[in-house]
Amino acid sequence: MNITFNVNGKNETVDVAPDTPLLWVLRDTLGMTGTKFGCGKALCGACTVHLNGMAIRSCQTQIGSVAGQKITTIEGLKMNAVQKAWIALDVPQCGYCQPGQMMSASALLAANRNPSDADIDAAMSGNICRCGTYPRIRAAIKHAAKNA
Amino acid sequence: MEEIKNQSRRDFVKASAAVAGGLAIGFHLPGKMAQADGGGGYAMPNAWVKIGSDNQITLMVARSEMGQGVATSMPMLIAEELEVDFSKVKVEFAPPAEVYINSLLGGQLTGGSTSVRDAWEKLRKAGASARMMLVSAAAAEWGVDASQVKAENGSLIGPGGKRMNYGMAAPKAAQMEVPKDVPLKPVSAFKVVGNVKQKRIDTPMKVKGDPIFGIDARVPGMMYAAVAMSPYIGGKLKSYDDSRAKNMPGVKAVVQYSRGVAVVADSYWQAKKAKDLLRVEWDQGPNAGLNMQKIWAGIQQAAKQPGATFRESGNVEEAMPKAAKTVTTTYTLPFLSHSPMEPMNTTAQVSADKAIIITPTQFQQLIPHVVAGATGLKPEQVEVRTTYLGGGFGRRVEVDYAIDAAEISKAAGGVPVKMVWSREDDMTHDSYRPAGMYTLSAGLDANGMITGMRFHSTSPSISARLFPSVVKDGIDPFAVEGIDNFPYAVPNLKFTYQMHDTGVTVGYWRAVSHNLNAVALECFIDECAAAAGKDPIDYRLAMIDMAPSKHAWSGLSAGVAVGPRIKNALQMVKEKSGWGKPLGKGKGRGVAVMEGYNTVIAMVAEVTVSPNYDVSVDRVVSVVDAGPLVHPDQALAQMESCINFGQSACMWGEITVNENTVEQNNFDSYRVARINEAPKQLEFHWIKPADNQPPGGLGEPATAVIQPAIANAIAAATGKRAKMLPLTPENLRAS
Chain A
626 MNITFNVNGK NETVDVAPDT PLLWVLRDTL GMTGTKFGCG KALCGACTVH
676 LNGMAIRSCQ TQIGSVAGQK ITTIEGLKMN AVQKAWIALD VPQCGYCQPG
726 QMMSASALLA ANRNPSDADI DAAMSGNICR CGTYPRIRAA IKHAAKNA
Chain B
803 MEEIKNQSRR DFVKASAAVA GGLAIGFHLP GKMAQADGGG GYAMPNAWVK
853 IGSDNQITLM VARSEMGQGV ATSMPMLIAE ELEVDFSKVK VEFAPPAEVY
903 INSLLGGQLT GGSTSVRDAW EKLRKAGASA RMMLVSAAAA EWGVDASQVK
953 AENGSLIGPG GKRMNYGMAA PKAAQMEVPK DVPLKPVSAF KVVGNVKQKR
1003 IDTPMKVKGD PIFGIDARVP GMMYAAVAMS PYIGGKLKSY DDSRAKNMPG
1053 VKAVVQYSRG VAVVADSYWQ AKKAKDLLRV EWDQGPNAGL NMQKIWAGIQ
1103 QAAKQPGATF RESGNVEEAM PKAAKTVTTT YTLPFLSHSP MEPMNTTAQV
1153 SADKAIIITP TQFQQLIPHV VAGATGLKPE QVEVRTTYLG GGFGRRVEVD
1203 YAIDAAEISK AAGGVPVKMV WSREDDMTHD SYRPAGMYTL SAGLDANGMI
1253 TGMRFHSTSP SISARLFPSV VKDGIDPFAV EGIDNFPYAV PNLKFTYQMH
1303 DTGVTVGYWR AVSHNLNAVA LECFIDECAA AAGKDPIDYR LAMIDMAPSK
1353 HAWSGLSAGV AVGPRIKNAL QMVKEKSGWG KPLGKGKGRG VAVMEGYNTV
1403 IAMVAEVTVS PNYDVSVDRV VSVVDAGPLV HPDQALAQME SCINFGQSAC
1453 MWGEITVNEN TVEQNNFDSY RVARINEAPK QLEFHWIKPA DNQPPGGLGE
1503 PATAVIQPAI ANAIAAATGK RAKMLPLTPE NLRAS
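Line by line, the protein sequences give chains A and B.
Residue 626 is where the first sequence starts when you use the working numbering, and the numbers rise one by one after that.
Residue 803 is where the second sequence starts when you use the working numbering, and the numbers rise one by one after that.
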């Protein structure tokens, strides 16, 4: 079944079952592998993308439900203030969870220019990092807020 | 070294004997040596340095990049002596080859916090040797003596304004004789190594989502595989019905392989949906009905055995009855899962005469052998490409998932297949950190000092499965690390280890048995300090063994003369942490110290414990003596990383088994730290290295130090000493 949606400003039409998670359409059908698979149950945040600017878990979002909607992935961030802050503080270690972390952080900063520690906790606690980059993620969000 | 001849899944490695100074695993590698001349527009003066005719310098990285920063630190060591602009070099992951073997482990293997330790001299020499060959090539070209040619910033400068870049000299340099005597510059002259401003090479790529992890691999014609593996530990496939699965859209094949049934389809989601429709029957195998009650009963029974003695001095049997006071404790520590964020996966293409294996692995050297064993090919017909690793933590020392993908590709007729495990597959088919029981008893004299001590551990051996030849006389060196180097001066000691297989597959988990032995020890020392009525830091300081002793099983630790370093670190952490200053109600401080991987870490944790026993970690102060740092900012990142990993383990980590099935299968049932739970404040103090002090490892040791520091802080805050990890409210309340 053909489904059309907008990814990073470009319309894409894919022929997949409508119950296919957005995650796998991005990764397998469109070859955009920046969005990661971590848990398949919206528990870890590795698959976070934006749906009309809101952070969502693409592993739990059926492609059929985003027809005609705007999706932004890590490939579409275009070196924003969050990515620059991530570079300035050398946040990533293995880097696997970081696209999801940066998508969550970008959505947070779009809604809240000056997040408190509690705001950061609330927005970022759905994203697991096993390497333990949390101190740098927190500092980088503050750095991005200051420099945006 | 012996060649690996027989590969079975449970014991696929015939390892050589351990050699002095390291735990040599020792493989003979039949594959090609690195080429001296790569052809194709570049030349290689040696296996580490590739120089393009366009003067592009590419440095080979022979360790797996799993977050610890080897893709930056290893090339930094080469570049220091090669005299190139480090900001312009590229890096490439090396294929398996003899030249890339890690001397401390005896295999091309990333683990044991050995990458920098092994590379420290070796890679600087590789850089210097390549530079000398480039200099010789330019000198020959110009007809001058090598002493008249200077290497600087990727260029060779000769007398009278003569100049050529490395790219021009490289083809000739690759033909030059390899210098035998390769002098190195002194530490004081370093420009690249130790640069506090150095950034990671891979960060710009990683913030764009560009790097290729195993799961991102794509090859032409690639199919996707989802798998059904036995939910039972050691279970076997009995039968399966694929009548519904094979008719699902996109499904190309349903195949049986050693571990179960795989559905191969055009996309992962199609494969996964069809896999869910398989009806599979399993034979529970030899562990039928296994559960924690049986596992702990087995461990308790085994613990009654005397075990193998790995350290003994004086006469503990005579000393103990004379003690003024005796402290005895048994700690039990649970199985843990590695759970890196990238689930296990491999892309494999196995045809009649060749296999290509694209995989996130810590042990690329083993893969040709095991894939050959599984497919009937020869090891030299197996090409391994190492990708970025989405975390490793020891899980990817195992090669099970590479074998699986190879078998599936072969069974599916040789099509390239990307096999991706679900999180559930990953968590229930891990090689778990061993569970164990640790009984410690100490005899204290009238002053409270320890005059005799017994340590008896009962736990499974990891090496008995993976590297059986390193196990000797009932002792697995990886089971006694973190206690064999017991740092206190106690005249009468007897330390024993009882190996006991529980049926659960166990594997190397970040810091391995330091996370068992040193955790038990440093909690116990606090218990002794409490029994003696002494301050925990002063008590430790008074007992440090200052003799330059070396112990039989020192393995990857310094093994010798760490007393003064431990004393120094403890004194500094006492001062820096504000030890002794009053804290509020429900708060406490705990200390722990350890030498592991030739790094000494002393740590003080501050916690707040609520009346319901919910624990928050407020502040952690670490003093680190790791010798010279190659990449200081990422040395710091490894400390941050270990603290997070150890915190997750000791506060929530627990894998349990019921009905021969692992009960935790995702991050809802296996809890790990999230950003709101991370310590609020982390402070690090680095001890200035002594002259000629070699680097210590940093990828692992702090995981074992943060755990007793937190447990000791909770005890200080509440008076509750948990004898069982994790430090959950339930376990704390019960203690």
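Any given hint could turn out to be false.
To be verified - Under the rule of at most 35 Å between Cα atoms (straight-line distance), these lysine-lysine pairs were calculated in the DSBU-like manner: (1) A:K767 <-> B:K1378; (2) B:K964 <-> B:K892; (3) B:K1054 <-> B:K1127; (4) B:K999 <-> A:K767; (5) B:K924 <-> A:K703.
It is worth saying that the hints were derived from the structure and are not from the lab.
Handout entry: Given pair status - A:K767, B:K999, alpha carbons within 35 Å
Key = With Cα atoms ~20 Å apart, B:K999 and A:K767 stay inside 35 Å; holds.
Problem - Holds or violated: B:K1054 to B:K1127, with C-alpha atoms at most 35 Å apart - result: 71 Å, violated
Problem - Holds or violated: B:K964 to B:K892, with C-alpha atoms at most 35 Å apart - result: This hinted pair holds, its Cα atoms lying about 27 Å apart.
Exercise for the section: Measure nothing beyond the straight line between the CA atoms of A:K767 and B:K1378; if it is 35 Å or shorter, mark the hint as holding. Expected result: Holds: A:K767 and B:K1378 sit about 27 Å apart, inside 35 Å.
Handout entry: Proposed proximity, A:K703 with B:K924 (alpha carbon, max 35 Å)
Key = 40 Å, violated
The structure fails hints 3, 5 (numbered hints given earlier, in ascending order).
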